[in-house]
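S.K.: Mind the numbering: the sequence shown is residues 2 to 132 in this note's numbering, read in order.
FYI, nobody ran anything at the bench for these hints, they're computed from the structure.
Backbone N, C-alpha and C fix where the C-beta goes; we use that ideal spot for every residue, glycine too.
Wrong hints could be hidden among the right ones.
[What the hints assert, rightly or not] Pair by pair, the computed Cβ-Cβ distance ranges are:
id: 1; residue 1: R33; residue 2: A118; range: 17 to 25 Å
id: 2; residue 1: S111; residue 2: A52; range: 30 to 38 Å
id: 3; residue 1: K73; residue 2: H116; range: 15 to 23 Å
id: 4; residue 1: D55; residue 2: D112; range: 32 to 40 Å
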Amino acid sequence: MTHPGKQRTVLLAVREGHVDPRLLTSALALCRRLEADMEIQVIAASETPPAEMDGFLETLREAGLPFSLVVKPSLRRRDLVDYANAHEHIAAVVIDSREGWEALALDRSSDPWKHLACPLVTAASHDKKHA
Numbered sequence: 002m003t004h005p006g007k008q009r010t011v012l013l014a015v016r017e018g019h020v021d022p023r024l025l026t027s028a029l030a031l032c033r034r035l036e037a038d039m040e041i042q043v044i045a046a047s048e049t050p051p052a053e054m055d056g057f058l059e060t061l062r063e064a065g066l067p068f069s070l071v072v073k074p075s076l077r078r079r080d081l082v083d084y085a086n087a088h089e090h091i092a093a094v095v096i097d098s099r100e101g102w103e104a105l106a107l108d109r110s111s112d113p114w115k116h117l118a119c120p121l122v123t124a125a126s127h128d129k130k131h132a
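Using the sequences and the accompanying hints, generate a full structural model.
M.R.: Here it is, written out as structure tokens:
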């Protein structure tokens, strides 16, 4: 199933060890509201997504929601912002939290999220949702 009209995509960034069910359900609900596809970028040590995502990926398949999945050993905040800004079909970026990315980023002194051209949604249970 592809969505009619202009292609829109929700970019979901998942960090291994930070797979929160609320993160996954928020991304899915946003895709449904926007009639958007989902692009999932996972930061994991292995070449496969964390086992905690198996049920979510099956839900996407059963729902017929178009999605792509890429697993990477590292991903900086700046990389996500640059990628989203370079692809105008990205309607929103969904992350678990703004916290904790600094440990993964080489650019700790700046806040790349401020330069994101689309909405940033934080969807972990300890964060409030920002859209």
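S.K.: Which hints from the list above does the structure break, by number from lowest to highest?
M.R.: As far as the earlier hints go, not one is violated by this structure.
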